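2 protein chains.
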Amino acid sequence: MRVEQGLSRTWPRSRWIRFASLCVLAMLACASVHAATDPLPSWNEGATKQKIETFVKAVTTSGSPGFVEPAQRIAVFDNDGTLWAEQPAYFEFFFALDQIKALSPKHPEWKTTEPFKSALAGDMKGLAASGEKGVLELVAASHSGMTTDEFARSVNQWASTARHPKTQRVYTEMVYQPMLELLHYLRDNGFKTYIVSGGGQDFMRAWVPAVYGIPPEQIVGSQGELKYELQNGNPVLIKLPKVALIDDGPGKPVGIQRALGVKPIFAFGNSDGDQQMLEWTASGDGTRFAGLVHHTDAAREWSYDRQSKIGKLDKALDEATAKGWAVVDMKNDWKVIYPAEKN
Amino acid sequence: MRVEQGLSRTWPRSRWIRFASLCVLAMLACASVHAATDPLPSWNEGATKQKIETFVKAVTTSGSPGFVEPAQRIAVFDNDGTLWAEQPAYFEFFFALDQIKALSPKHPEWKTTEPFKSALAGDMKGLAASGEKGVLELVAASHSGMTTDEFARSVNQWASTARHPKTQRVYTEMVYQPMLELLHYLRDNGFKTYIVSGGGQDFMRAWVPAVYGIPPEQIVGSQGELKYELQNGNPVLIKLPKVALIDDGPGKPVGIQRALGVKPIFAFGNSDGDQQMLEWTASGDGTRFAGLVHHTDAAREWSYDRQSKIGKLDKALDEATAKGWAVVDMKNDWKVIYPAEKN
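Residue numbers (numbering that gives the first Met the number 0), protein chains in the order written: chain A, 0 to 342; chain B, 0 to 342.
In isolation and in its complexed conformation, chain A is listed as follows (with noise of 0.2 Å):
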């Protein structure tokens, strides 16, 4: 006899709906301690998770095969398209436009040169036509000439106020909600997380403490030639319009060995530009991952990979289907995208 013919047959039916009901009850307030309790609760369920969890779950098993002590547990992110959006151009660049034209005053030739001058006048297809090169320039006008301190405080206002063509948010309210948990959900565990970013290393450093709870210190980034000297009697580093390590492709891992010294045990990236620091990362000896997220999501954020001229997607996730890294689907594994959207 099985056992619920057994209860069916001797239980009334008002018990049967009272044992229902506290069935409904139980279930409930398990789903709602597992919602408190589960560290990533904008992720879908599923291999993505999977794969992050069942890693955490090993480095931090004392006595597993897997165990990684604390010192080691290094996680390195990417930033651009990573941890915050970088469409429809890297959002450093709309900061460089911006500062472009709040340095304008001091540089009256500005508006008769090119690149210079289409930025001025926003004018896009001028900008396109002045190429890589003219971009460069625009970079190099407006992240040199000033202290560092002096940049710092532009870099914060430009962040605190100026806001997305498309979604007319502020731009670090264009962070990933997702990510945001797992940067959390590491450090709750043990690890040190790093950014290893193309982006400018005293851009980021201006405003990414505060947002992701990441230290400068562990912030790497491209970084400018620099030149001590005093003003007045204060010493001062002047921002030179030199670049001094371009922390992208095959400079991700010259980056991390130059901040870190060692090597990760965890990174996460988006595209091409980080392929050398996940076959680095993953490189090592003992419990490894490595993990790109891929940008499927027309409708909530943007859909690119292969052909994109930003955060370009080819190479990087051949390399990750044949070695069985991690691949965000961002359309299936993302509840959310951004913070506002979390509740």
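To be clear, the hints were calculated from the coordinates, so they are not data collected in a lab.
All values reported here derive from a predicted model rather than from experimental measurement.
Every residue, glycine too, gets a C-beta built ideally from N, C-alpha and C.
Where hints are given, some of them may not hold.
Lysine to any residue pairs mimicking SDA-like chemistry, simulated, CA-CA at most 20 Å apart [as the list claims (entries may be wrong)]: (1) A:LYS322 - B:VAL235; (2) A:LYS191 - B:GLY212; (3) B:LYS191 - A:ARG72; (4) B:LYS314 - A:GLY232; (5) B:LYS116 - B:PRO104; (6) B:LYS191 - A:PRO215; (7) A:LYS322 - B:GLU228; (8) A:LYS314 - B:ASN233; (9) B:LYS241 - A:PRO249; (10) B:LYS322 - A:ASN231; (11) B:LYS314 - A:TYR227; (12) A:LYS226 - B:GLY250; (13) B:LYS341 - B:ASP328; (14) A:LYS191 - B:GLN71; (15) B:LYS191 - A:GLY212; (16) A:LYS226 - B:GLY248; (17) B:LYS314 - A:PRO234; (18) A:LYS322 - B:GLY232; (19) A:LYS322 - B:LEU229; (20) B:LYS191 - A:PRO208; (21) A:LYS314 - B:GLU228; (22) B:LYS226 - A:GLY248; (23) A:LYS241 - B:VAL242; (24) B:LYS314 - A:GLU228; (25) A:LYS226 - B:PRO249; (26) B:LYS314 - A:ASN231; (27) B:LYS241 - A:ILE245; (28) B:LYS50 - B:THR36; (29) A:LYS191 - B:LYS191; (30) A:LYS314 - B:ASN231; (31) A:LYS191 - B:PRO208; (32) B:LYS191 - A:VAL261; (33) B:LYS322 - A:LEU229.
Just the calculated beta-carbon pair ranges, DEER-fashion [to be verified]: (34) B:HIS183 - A:VAL169: 42 to 48 Å; (35) A:GLY130 - B:GLU113: 46 to 52 Å; (36) A:VAL169 - B:LYS322: 40 to 46 Å; (37) A:GLY323 - B:LEU229: 15 to 21 Å; (38) A:GLY212 - B:GLY125: 52 to 58 Å; (39) A:THR60 - B:ALA101: 38 to 44 Å; (40) A:SER61 - B:GLU228: 35 to 41 Å.
Could you slot chain B onto chain A? The hints should help.
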């Protein structure tokens, strides 16, 4: 009536003897408790020790005007001449010579080419004749052409076996016991301790963590260019014979900005190469500490300053006097120099 008169009249001699013995015991106990709790036992009492303790008390006393949040308690130390000895030549130069010998079988041409010929023959006069250019050539040849992992293994092998020509000690035993105590004292008070040295960053990272308790990511030094490549599918970083940063003099605030992005509140150096780091550190708001080790102890270590070829201390000593920075008088401020002398 004074108390001791009253006691002397009523107490028998035997009781006085017992009382005196108890006093002595109490004093001994008190002294031993003091020794046990003194965080800087190898420092003689005096102005320098007092300055350090006063500073640490100020920044750690919650509610005091000098209080500094733990996240801002960043301390930077020069290495050569500040944390370990540097005479008769930087110890990294002795490593370079030994490394040239180790690499020589792969470079038969070195037998007949200067400065390698003199280096291999141990001919210091010949080496001196090759001048600064020769020294740089030796450093470049000994610090490049291998992966970062291979280089770290070479340094570790050397650090555990090579001995100083005068003291015959292993080099890592020539660290300064009072400075080890200072590092611990600061960390016990919530400081993050960094090295910011003209020495090679990769050279220091190989042995510093075990000797000073400072992790690789908190070791900033001079850096060479690196090249990422795949060797049989295995990613490596090759050390190139090209300088990326000379972390000395005005390069020290640059190295600090690149690695940390914040101004330290505490800095210790020993030479003119540390002057800008001390200025930079001392120039911020709030409570600040700048200190110099002055090598005044010809008997136990070395005595040198304004005229020295290695570790020249001239302008920085004048600035220290003018600005009231702490200056360690090694002979009088330190009870012992090296850890082996402790007991």
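Compare the distance between the alpha carbons of B:LYS322 and A:ASN231 with 20 Å, and conclude whether the hinted pair is satisfied. With a Cα-Cα distance of about 16 Å, the restraint between B:LYS322 and A:ASN231 holds, given a limit of 20 Å.
Can the restraint linking A:LYS314 and B:ASN233 be considered satisfied, given a maximum Cα separation of 20 Å? holds, 17 Å
Holds or violated: B:LYS314 to A:TYR227, with C-alpha atoms at most 20 Å apart: Satisfied, since the Cα-Cα distance of roughly 17 Å is no more than 20 Å.
Starting from A:LYS226, check that the Cα of B:GLY248 is at most 20 Å away, please. Answer holds: A:LYS226 to B:GLY248 is near 12 Å, not above 20 Å.
Between the beta carbons of B:HIS183 and A:VAL169, is the distance compatible with 42 to 48 Å? Once the Cβ atoms are compared, 44 Å apart, the range 42 to 48 Å for A:VAL169 and B:HIS183 holds.
Checking one constraint from the list: CA of B:LYS314 to CA of A:PRO234, max 20 Å. Satisfied? holds, 16 Å
Starting from the range 15 to 21 Å, see whether the pair A:GLY323 and B:LEU229 falls in it by beta-carbon distance. Holds, at about 19 Å.
Can you confirm whether the C-alpha distance between B:LYS314 and A:GLU228 stays at or below 20 Å? holds, 16 Å
Below or equal to 20 Å on CA atoms is what counts here, so check A:LYS226 against B:GLY250. Measuring from Cα to Cα gives roughly 8 Å; hence the hint holds.
Holds or violated: A:LYS191 with B:PRO208, Cα cutoff 20 Å? Given that 20 Å is the threshold and the Cα spacing comes to 17 Å, the pair holds.
Are the Cα positions of A:LYS191 and B:LYS191 separated by 20 Å at most? Given pair A:LYS191, B:LYS191 holds - Cα atoms ~15 Å apart, limit 20 Å.
Check the following: the C-beta atoms of A:THR60 and B:ALA101 are separated by a distance inside 38 to 44 Å. For B:ALA101 against A:THR60, whose Cβ atoms are near 42 Å apart, the range 38 to 44 Å holds.
In the structure shown, no violation is registered for any of the earlier numbered hints.
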